[in-house]
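Top line first, the protein sequences correspond to chains A and B.
Once you know that position 27 of the first sequence is 26 in numbering that gives the first Met the number 0, the rest is easy, because the numbers rise by one and skip nothing.
Once you know that position 3 of the second sequence is 2 in numbering that gives the first Met the number 0, the rest is easy, because the numbers rise by one and skip nothing.
Hints may be right or wrong, so weigh each one.
[To be verified] Heads up, incomplete: computed chain B residues facing chain A, CB under 10 Å, no partners named:
1. Pro1
2. Glu4
3. Ile5
4. Leu6
5. Ala12
6. Arg33
7. Asp44
8. Val46
9. Leu47
10. Asn60
11. Ile63
[Said to hold, decoys possible] Straight-line alpha carbon distances no greater than 27 Å define the calculated DSS-like cross-link-like pairs of lysine-lysine that follow:
12. Lys107/A - Lys11/B
13. Lys107/A - Lys139/A
14. Lys32/B - Lys139/A
Keep in mind the hints are simulated off the structure, nothing from the lab.
Here the structure is a predicted model, which means the values were calculated and not measured.
Glycine included, each C-beta is placed from N, C-alpha and C at the ideal position.
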Amino acid sequence: MRVGVVTFPGSLDDADAQRAARIAGHDVVPLWHGEHDLQGVDAVVLPGGFSYGDYLRCGAISRFSPVMTEVIEAAGRGLPVLGICNGFQILCESHLLPGALIRNDHQKFVCRDQRLRIENASTSWTSAYDEGQEVTIVLKNGEGGYVADDETLDRLEGEGRVVARYLDLNPNGSLRDIAGITNERGNVVGLMPHPEHAVEDLTGAGTDGLGFFTSLAGLVSLTAAIS
Amino acid sequence: MPKPEILDPQGKAVLGALPRLGFSGVTDVRQGKRFELEVAGEVTDEVLAQVREMAETLLSNPVIENYAVRVLDPAGEIA
Numbered sequence: 000m001r002v003g004v005v006t007f008p009g010s011l012d013d014a015d016a017q018r019a020a021r022i023a024g025h026d027v028v029p030l031w032h033g034e035h036d037l038q039g040v041d042a043v044v045l046p047g048g049f050s051y052g053d054y055l056r057c058g059a060i061s062r063f064s065p066v067m068t069e070v071i072e073a074a075g076r077g078l079p080v081l082g083i084c085n086g087f088q089i090l091c092e093s094h095l096l097p098g099a100l101i102r103n104d105h106q107k108f109v110c111r112d113q114r115l116r117i118e119n120a121s122t123s124w125t126s127a128y129d130e131g132q133e134v135t136i137v138l139k140n141g142e143g144g145y146v147a148d149d150e151t152l153d154r155l156e157g158e159g160r161v162v163a164r165y166l167d168l169n170p171n172g173s174l175r176d177i178a179g180i181t182n183e184r185g186n187v188v189g190l191m192p193h194p195e196h197a198v199e200d201l202t203g204a205g206t207d208g209l210g211f212f213t214s215l216a217g218l219v220s221l222t223a224a225i226s
Numbered sequence: 000m001p002k003p004e005i006l007d008p009q010g011k012a013v014l015g016a017l018p019r020l021g022f023s024g025v026t027d028v029r030q031g032k033r034f035e036l037e038v039a040g041e042v043t044d045e046v047l048a049q050v051r052e053m054a055e056t057l058l059s060n061p062v063i064e065n066y067a068v069r070v071l072d073p074a075g076e077i078a
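Bound conformation, chain A alone (with noise of 0.2 Å):
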């Protein structure tokens, strides 16, 4: 498939998330943050960084960037949308997830290799993995604590919405040890950890984070159909 990656003015992680797309076996499209063109991608990646400096609110600012109007309008149409970190928080922003993501309770910055629980093996972006397979995947982050009211927290867990949760430790405050979440479509994940870091036995923990992009493959067939 041809995945494009996003680059926000303060994307800290898209070159590796271009690598990991790569390394699942995808061509990748470079995309940038000023243009409202998605170039027929036939999925997007939002990555993890630190996008207009987190002015105002971490994604608050991207989230009216150009390309967004498109990956919003293509994400209704069930384009496979992952936003990891910052892109999590981007996805928040634009309403395509609900809830927020807040300062990490404990109020520092988490680094630290972190076991989780795949909950829903059947998104656009987890269908490589068993449903409650535990992974470790490296997880970084300031503002990574998941937050919404009570009735959005449990329309989540009633539609098995709820993709991974933390195991272990709850590394940021995050409501219900709440790691990523889905749309009701399964098309657009948003995820704190990063896959994209867990995709080479060189470096990290592990390959843990491949599924994530080559779930993708799995909906090649999907896609021809629908075409």
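Since chain A is already given, all that's left is putting chain B on it; use the hints.
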């Protein structure tokens, strides 16, 4: 301002610092943001409605924050 039910780690950090400086009696601190917008001409109802829209769409995140709009005169006093 962060909504009352939303944890405010920055406010908590400030609350923790106050006793260390010898200030006592403060039971809670919430930290918010203040934006001062200068507009051309009179602040009409139409302008105010626009400012509220700005607050709703960009300046605040209604999921986690409440906002209030006040009109000030050029000296910064409440008009």
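Going down the list of hints, with the structure as the test:
The closest approach between the C-beta of proline 1/B and any C-beta of chain A is roughly 8 Å, which is under the 10 Å cut-off, so the hint is satisfied. The closest approach between the C-beta of glutamate 4/B and any C-beta of chain A is roughly 8 Å, which is under the 10 Å cut-off, so the hint is satisfied. Hint status for isoleucine 5/B: holds, given a least beta-carbon distance of 6 Å to chain A, under 10 Å. Interface restraint check for leucine 6/B: the shortest CB-CB distance to chain A comes to about 6 Å, inside 10 Å, so the restraint holds.
Here the hint on alanine 12/B is kept, as its CB sits about 5 Å from the closest CB of chain A, short of 10 Å. The closest approach between the C-beta of arginine 33/B and any C-beta of chain A is roughly 13 Å, which is over the 10 Å cut-off, so the hint fails. Given hint, aspartate 44/B at the interface with chain A, is violated; its Cβ is 26 Å from that chain's nearest Cβ, farther than 10 Å. For valine 46/B, the shortest C-beta to C-beta distance to chain A is roughly 21 Å, which exceeds 10 Å, and the interface hint is violated.
Restraint check, leucine 47/B versus chain A: the minimum CB separation of about 21 Å is more than 10 Å; hint violated. Because the closest C-beta pair between asparagine 60/B and chain A is about 6 Å apart, less than 10 Å, the hint holds. Here the hint on isoleucine 63/B is kept, as its CB sits about 5 Å from the closest CB of chain A, short of 10 Å. At most 27 Å may separate the alpha-carbon atoms for a hinted pair to count; lysine 107/A and lysine 11/B meet this at roughly 13 Å.
Of the supplied pair hints, the one linking lysine 107/A and lysine 139/A holds, its CA atoms being roughly 11 Å apart against a limit of 27 Å. Of the pairs offered as hints, the one joining lysine 32/B and lysine 139/A holds, with about 26 Å between alpha carbons and a cut-off of 27 Å not exceeded.
In summary, the numbered hints that this structure violates are 6, 7, 8, 9.
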